[in-house]
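Assemble the complex: chain A is given as a structure, and chain B must be docked to it using the hints.
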Amino acid sequence: MTQLTERYLAAAMRSIPDAQRKDVERELRSSIADALEDRVSAGEERTAAEKAVLEGLGDPVRLAAGISGRPLYLIGPDLFVEYRQLLVMLLSVVLPIVGIIQVGIALAGGDSYAGAVLAGVGGAWTVGLHIFFWVTITFTLIERVDAMRDARNEITGAVGRWTVDRLPALPADRMSASDAVGEVISSALGIGGLLFLSGAVWFTDAAGDPIPLLDPDLWSYLVPALIALLAALGGLQIVVFLAGRWTMPLAAANALLQVAFTLPVVVLALTGSLLNPAFADALGWPPLADGRGPVMLSVAAGALLVTGWEIYDAFRRARRADARATGIGRREQAAP
Amino acid sequence: MVDDELLKTHRQELRRGTVVLACLMALRAPEYGYALLKRLDAAGISSDANTIYPLLRRLEERGLLASEWNTDDARPRKFYRTSTAGLELAAQLMTDMTDLTASLHAMNGGPE
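Each protein sequence line maps, in turn, to chains A and B. Per my numbering, the very first residue in the first sequence carries number 1; after that it's consecutive. Per my numbering, the very first residue in the second sequence carries number 1001; after that it's consecutive.
Bound conformation, chain A alone (with noise of 0.2 Å):
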């Protein structure tokens, strides 16, 4: 044996498991000896011979991977696929609610505009980089520790075996990755709206503290219910997009969403109770507050139209999807 034998020998003991090791080694020597062997004998100089049994061996690594069982790759077939789901799902919903979140947060800490959109920009890079990291940790360690496979099959056994049953919906009634992430990114801006309407200093007053646009006394209850109530919206249409498809039920539940955060802005407008009247006499501008102002009606008007035609829109959907479901139904029965 030589040095290159050995040094064949340790590069591919390197990944084998302690317990399997020295049972391994003493084959892999037995065998490049008896290869080299036949080759002298058959008239080839040593070294020359050495040379060929070990590089007729490959790549040491990866005959220690065969042998050891080990895999060459981080996430294999088995749970690519439920790998690469979790990672868009976890991506597309968290991030543009992360940034916008961190937008509305630097707004209301004062930033520039620039500033703001900068730190939402980092800010959900930064959590996009943990997720990424994350994610693909915990599955290559399920993909290589043995003690794991329990776990993988649970992973694959919880996504369970296809059937024709999470076959998606055609592209008409399915409602897009990308519908479902801007609708998503509506609600957080709504949400991060709402916090920089409540945040931001336009006014103060002779005290030099801040006249808040919206009415001082909505900030204890209803503030933090609309943004509850947009977040719930935002959390339905997630619901939407894994179901593949608006459902009578998830319609029903829109409806009574929209209701719940329209009526209340709606009765607030009206009533001339949305907006600070201190914030309208300091812009100099009294009707902006007045229920009874064109501001206020138009808002009210607006909402009205606004929250009409989303609660329209979801069940015409559902309808059309369920229509579409029984046809295609129909029509298998009828083939031969």
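Keep in mind that a hint or two might mislead.
Calculated cross-link-like contacts (lysine-lysine; reagent style DSS-like; alpha-carbon spacing at most 25 Å) [unchecked claim]:
1) A:Lys22 - B:Lys1078
2) A:Lys22 - A:Lys51
3) B:Lys1008 - B:Lys1038
4) A:Lys51 - B:Lys1038
5) B:Lys1038 - B:Lys1078
6) A:Lys22 - B:Lys1008
These are calculated hints, taken from the structure and not from any lab test.
This is chain B only, laid out in the frame that chain A set:
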């Protein structure tokens, strides 16, 4: 003319399953890794060392082969022998292989 690379890839695919069967049948008489390699080669079932050594380990892990170290010679060698479970599997696979070959021949002859 079939592309050499393509032919090589598909030959490999075709042989992958049969190497297991060949090992199980060859090891009805105990043999060590390098000698098995030579024997398969002489029988026209050529395979690479870096395929056979890991394969022997995997088959042993699954209980299809049993192994024993022989230290009588100057060089200690690990001898493998097909286990009872391995023999059963080999018999089953051999039937499948024969059927498969017959089916392919029939298909090659074409419908009469």
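### Query
Does the structure keep Lys1038 (chain B) and Lys1078 (chain B) at a Cα separation of 25 Å or less?
Status holds; Cα separation ~15 Å.
### Message
Just to be careful, I want the Cα atoms of Lys51 (chain A) and Lys1038 (chain B) compared with a cutoff of 25 Å; is the pair within it?
### Response
Holds: Lys51 (chain A) and Lys1038 (chain B) sit about 19 Å apart, inside 25 Å.
### Query
Given the proposed pairing of Lys22 (chain A) with Lys1008 (chain B), does the C-alpha separation stay at or below 25 Å?
35 Å, violated
### Query
Does Lys22 (chain A) pair with Lys51 (chain A) here, judged by a C-alpha cut-off of 25 Å?
23 Å, holds
### Query
Would the pair Lys1008 (chain B) and Lys1038 (chain B) pass a check requiring their Cα atoms to be no farther apart than 25 Å?
21 Å, holds
### Message
Run the distance test for Lys22 (chain A) versus Lys1078 (chain B): straight-line Cα separation, threshold 25 Å.
### Response
12 Å, holds
Of the numbered hints listed earlier, the single one contradicted by the structure is hint 6.
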